[in-house]
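Protein chains in written order, with this note's numbering: chain V, 1 to 434; chain W, 1 to 277.
Calculated directly from the structure, the hints in this document are not laboratory data.
Any given hint could turn out to be false.
Lysine-lysine pairs mimicking DSS-like chemistry, simulated, CA-CA at most 30 Å apart [said to hold, decoys possible]:
#1 14(W) - 147(V)
#2 119(V) - 186(V)
#3 213(V) - 247(V)
#4 119(V) - 213(V)
#5 92(W) - 124(W)
#6 213(V) - 104(V)
#7 247(V) - 14(W)
#8 135(V) - 176(V)
#9 186(V) - 55(W)
#10 42(W) - 14(W)
#11 329(V) - 14(W)
#12 118(W) - 247(V)
#13 104(V) - 6(V)
#14 329(V) - 92(W)
#15 186(V) - 115(V)
#16 115(V) - 169(V)
#17 57(V) - 77(V)
#18 247(V) - 169(V)
#19 131(V) - 147(V)
#20 143(W) - 131(V)
#21 55(W) - 14(W)
Each pair of labels, with its calculated beta carbon distance range [claimed, not checked]:
#22 207(W) - 339(V): 44 to 50 Å
#23 283(V) - 118(W): 38 to 44 Å
#24 256(V) - 207(W): 30 to 36 Å
#25 147(W) - 36(V): 57 to 63 Å
#26 118(W) - 255(V): 28 to 34 Å
#27 330(V) - 147(W): 23 to 29 Å
#28 173(W) - 135(V): 29 to 35 Å
Partial selection, computed: residues in chain W whose CB lies under 10 Å from chain V [said to hold, decoys possible]:
#29 83
#30 85
#31 89
#32 206
Where a beta carbon is used, it is the ideal one built from N, C-alpha and C, also for glycine.
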Amino acid sequence: MSEPQKGIITPHVAISRVNASLAARRARERRFRIYGRIAIGLALAFLVTLFVSIFTKGIPGFFQYYVTLEVVIDQEKIDPDGDLSVQSLYDGDARGIIRSALYKVTGAEGRSGRKAAGKLISKGAEQRLRKAIIKNPALVGQTVAMKFALDDDADSFLRGYISSAVPEKDRRISDKQIEFINKLQKLNLISYDFSDYLIFGSASRDPEIAGIKGAFIGSMLTLAVCLVLAFPMGVATAIYLEEFAPKNRITELIEVNINNLAAVPSVVFGILGLAVFISIFGMPRSIPLIGGVVLALMTLPTIIISSRAAIRAVPPSIRDAAFGVGASKLQTVMHHVLPLAMPGMLTGTIIGMAQALGETAPLLMIGMVAFIVDIPGSVTDPGTVLPVQIFMWADFAERMFIHKTSAAIIVLLVFLISMNAIAIFIRSRLERRW
Amino acid sequence: MDIVRAPIEMEASKLPSLTVGEVYVDTPRMTTRNVNVFYGDKMAIDNVTLDIAEKQVISLIGPSGCGKSTFLRCLNRMNDTIESCRVEGQIKLDDQNIYDPHIDVVPLRARVGMVFQKPNPFPKSIYDNVAYGPRIHGLAGHKDELDSIVEASLRRAGLWGEVANRLDQSGTSLSGGQQQRLCIARAIAVSPEVILMDEPCSALDPIATARIEELIFELREEFTIVIVTHSMQQAARVSNRTAYFHLGRLVEVGGTSEIFTNPHHELTNSYITGRFG
Chain V
1 MSEPQKGIIT PHVAISRVNA SLAARRARER RFRIYGRIAI GLALAFLVTL FVSIFTKGIP
61 GFFQYYVTLE VVIDQEKIDP DGDLSVQSLY DGDARGIIRS ALYKVTGAEG RSGRKAAGKL
121 ISKGAEQRLR KAIIKNPALV GQTVAMKFAL DDDADSFLRG YISSAVPEKD RRISDKQIEF
181 INKLQKLNLI SYDFSDYLIF GSASRDPEIA GIKGAFIGSM LTLAVCLVLA FPMGVATAIY
241 LEEFAPKNRI TELIEVNINN LAAVPSVVFG ILGLAVFISI FGMPRSIPLI GGVVLALMTL
301 PTIIISSRAA IRAVPPSIRD AAFGVGASKL QTVMHHVLPL AMPGMLTGTI IGMAQALGET
361 APLLMIGMVA FIVDIPGSVT DPGTVLPVQI FMWADFAERM FIHKTSAAII VLLVFLISMN
421 AIAIFIRSRL ERRW
Chain W
1 MDIVRAPIEM EASKLPSLTV GEVYVDTPRM TTRNVNVFYG DKMAIDNVTL DIAEKQVISL
61 IGPSGCGKST FLRCLNRMND TIESCRVEGQ IKLDDQNIYD PHIDVVPLRA RVGMVFQKPN
121 PFPKSIYDNV AYGPRIHGLA GHKDELDSIV EASLRRAGLW GEVANRLDQS GTSLSGGQQQ
181 RLCIARAIAV SPEVILMDEP CSALDPIATA RIEELIFELR EEFTIVIVTH SMQQAARVSN
241 RTAYFHLGRL VEVGGTSEIF TNPHHELTNS YITGRFG
C-alpha cells in the first residue's frame, strides 16, 4: 500500500462516507414525499368541498314543484277572436282559466282567499297554457290535466325553507296559502319533477321559470365567433412565426408580446372591446359578435403558444426529408409539418375555447350582462352567456336562485369537462408517433 | 505491460496548405472551388476544392466534426435551413453555380437528392412516401404512371419484394434497414442526377448495412453518389474515390484503393490506421 495521495479517497473510506450520508438523504426524500402528499391531499380536499357544495345545492336546482290542474279550455275565454292567432290568445284570459281550476280544487273563496290562491301559481303558467294550445289547437274546448310550476315562495315552503312556526307576517307565505298547499298535497296534485324551465327557459326575474337556454345559446354563438376568428389566425401566426419569419429584433419583440398577452387580465380585453368596437366602430352592445371578437383576442395567445409548441415538436428529420426531395418551404409546412402538429394545435384551441367559455369579466365590459329575455337568434342579437348568467343569478335574493345558480354551474362544468375530454381524446388518438 | 498510445496530434499545424492528391477529374458532374463555410463566426469548411465525377461513388471520411457532413449538405443547399450558415466559393452542378441568387433550390434538390443519417420516412404509407417527390414535381401524368414510378423506385432500392403487398402500411412500421431503403427509393423516385448520402448506415445493424452497401454498388451505374461515412471498410467497399477531411480542410483525395493502401499525408495515414477518429 502506498501513501494515500491528496485528493484520492480509498474505496473503503468512500463507501463508509456514502453510507453515513445515506440516512440524511433518505430522510430528505421521505420528507419531500410527505410534503407532496399533503399538497395533493389539500388540493383534493378543496376540490371535494367545492364539488359537494355545488352538487348539494345544484341537484335540487334541476327539480322544482309543480301542481297538476284540470283546466277547462273554454273557446270563448282563451280565444276571443276565434282564429287561434297569437294575438287572440294573448287577448284571451288564460290566467282566468288556470285560476278558476285552482279555485275549484282549493276551494278558495272571497277576494282575499282567491288572491292568496292565485299567488301560488307561477306567472309562467299562462304562457305555458298558450304554448300548449298553439302546439295543439285541438285542446280548445276540452278539459285537460296540465302541470304548472308553483310560485317560488310556495316552492321554498315545500322545500322546507319557510317554517310555518314563524309568525305569519314574517314569512313570504300566508297561513291561508299554507292551508291551500296542504290541501293540494292531500289531493296528490303537487309533484316534485325535473325542471324543464331550467333548461328551456330564458332569463327571468321569477326564479321558478328562469332558465339557461338564452345564455347557453349566447355562449354557443359567442364561442362560434371566437373559434372562427381565433383558430385560423392563431395557427397562421404560429406557422409564420415558427417557419417563415426571419429571426430578428422585430419578431423577437412580437414573440415577447404574444407571451405577455397570454398573461394580460381578461378584463383588459373587455375594455379594449368597449373602447374599439363599441366606442370607435359604434357597434351595438351586448351582442355575441363583439363578445366573440373580444374572446378571440383573449384566446389567441393561448392558441399561438400551443400551436408553436406543436410545430416545434415535429422532428426536424421530417422537414429534412421533405426538403431533400425538393419540396418548397410551403409544401413542407402544409404537407408534413401541419398534419403532424395539428393534434397539438387542436388541443390548444379546445383548451383556449374552454377558457373562453368560462370567461365573464370582458363580457361584462361590453354589456353582455344585460337582462335579456329573448333568446338570441344570430350573432348580432343582444344576448348573454352562461358564466354571466350564473353571475347574475348569484346576485338575486330569492332562495330558489341559489339552486338555479348551482345547477347552471353544473351545466357549465359539464361542458368544460367534456371540452377538455375531447382535447385529451384528440391528443391521444391523433397524435402520431415517429 | 500497458499499451500506451502515442499522444494524438490533431493540431492545425499538420494540415497541408494544399490538398494532397488529384482533386480534379476528367468528367466532373459537380465541381467545388475554394469553398468556405461558416457557422456564424466559426469556420467549418476551409478552402475546399474538389470534383465529383459522373457515375462514380466518392466517399467523404474523417474524424467527427471535420466538416464532411457540412460539405455534403452544401451540395444541395440543405444548409440554407440553418440560419447562421454562410457559404463562400463556387459550387457548380454541370456548369451552373448552385449558389447563384437566381437559382431555385426546388429543382436543384430534385436533381441532387439526399439520404439522411437516421432513416426518416414520412409518417405516411409506403406508397405515399415514394410517390411524394414525383407528385410535388408533377412527374407522373396519371395514376398508372405514378404507380409504375413507385414500383420501379422500390425495385431499384431492393425493397419491392418485401413491401409489394403492403404499400398502404405506414412507412414507419418498417424495420430500420427497410426504412433506409425506403428513403433511398424516395430519393431516386424523382430521378435525381446526384445522390448525397449522410452516413446512411450509421443507425443500422451489419446485415442491413450490407444490403445498403450492395444497393449503393448497384446504383452507381446510374447515379453520381457522394457518401459520408465513418466506416472505412464501407468507404473501401463502395467508393471509387475517397476524400479525407480534417478540421474543415480537405487533406487528401484519391482513388479509394490508393488512399487505403498508400496514403500520402501523415494525417490520412494516422486516421486510416486507427490512430484517431
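Take a quick look at whether residue 247(V) and residue 14(W) sit within 30 Å of each other, Cα to Cα. This hinted pair is violated, its Cα atoms lying about 39 Å apart.
Straight-line Cα separation of residue 186(V) and residue 55(W) no greater than 30 Å? violated, 103 Å
Holds or violated: residue 247(V) to residue 169(V), with C-alpha atoms at most 30 Å apart: With a Cα-Cα distance of about 76 Å, the restraint between residue 247(V) and residue 169(V) is violated, given a limit of 30 Å.
Going straight from one Cα to the other, do residue 186(V) and residue 115(V) come out at no more than 30 Å? holds, 21 Å
Please work out if residue 55(W) and residue 14(W) have their alpha carbons no farther apart than 30 Å. violated, 33 Å
What's the verdict on residue 118(W) and residue 247(V), does the C-alpha distance respect the 30 Å limit or exceed it? holds, 28 Å
Regarding the pair residue 213(V) and residue 247(V), is the alpha-carbon distance no greater than 30 Å? violated, 49 Å
Would you settle whether the hint for residue 83(W) is holds or violated, based on the nearest Cβ-Cβ distance to chain V being less than 10 Å? holds, 6 Å
Report holds or violated for the interface hint on residue 89(W), using the least CB-CB distance to chain V and a cut-off of 10 Å. violated, 22 Å
Check whether the Cα positions of residue 14(W) and residue 147(V) lie no farther apart than 30 Å. violated, 102 Å
Starting from residue 119(V), check that the Cα of residue 186(V) is at most 30 Å away, please. Distance of about 19 Å is within 30 Å: holds.
Pairwise hint evaluation, residue 131(V) against residue 143(W), where the allowed Cα distance is 30 Å at most: With Cα atoms ~61 Å apart, residue 143(W) and residue 131(V) exceed 30 Å; violated.
Hint check: violations occur at hints 1, 3, 5, 6, 7, 8, 9, 11, 13, 17, 18, 20, 21, 22, 23, 24, 28, 30, 31, 32; the rest are consistent with the structure.
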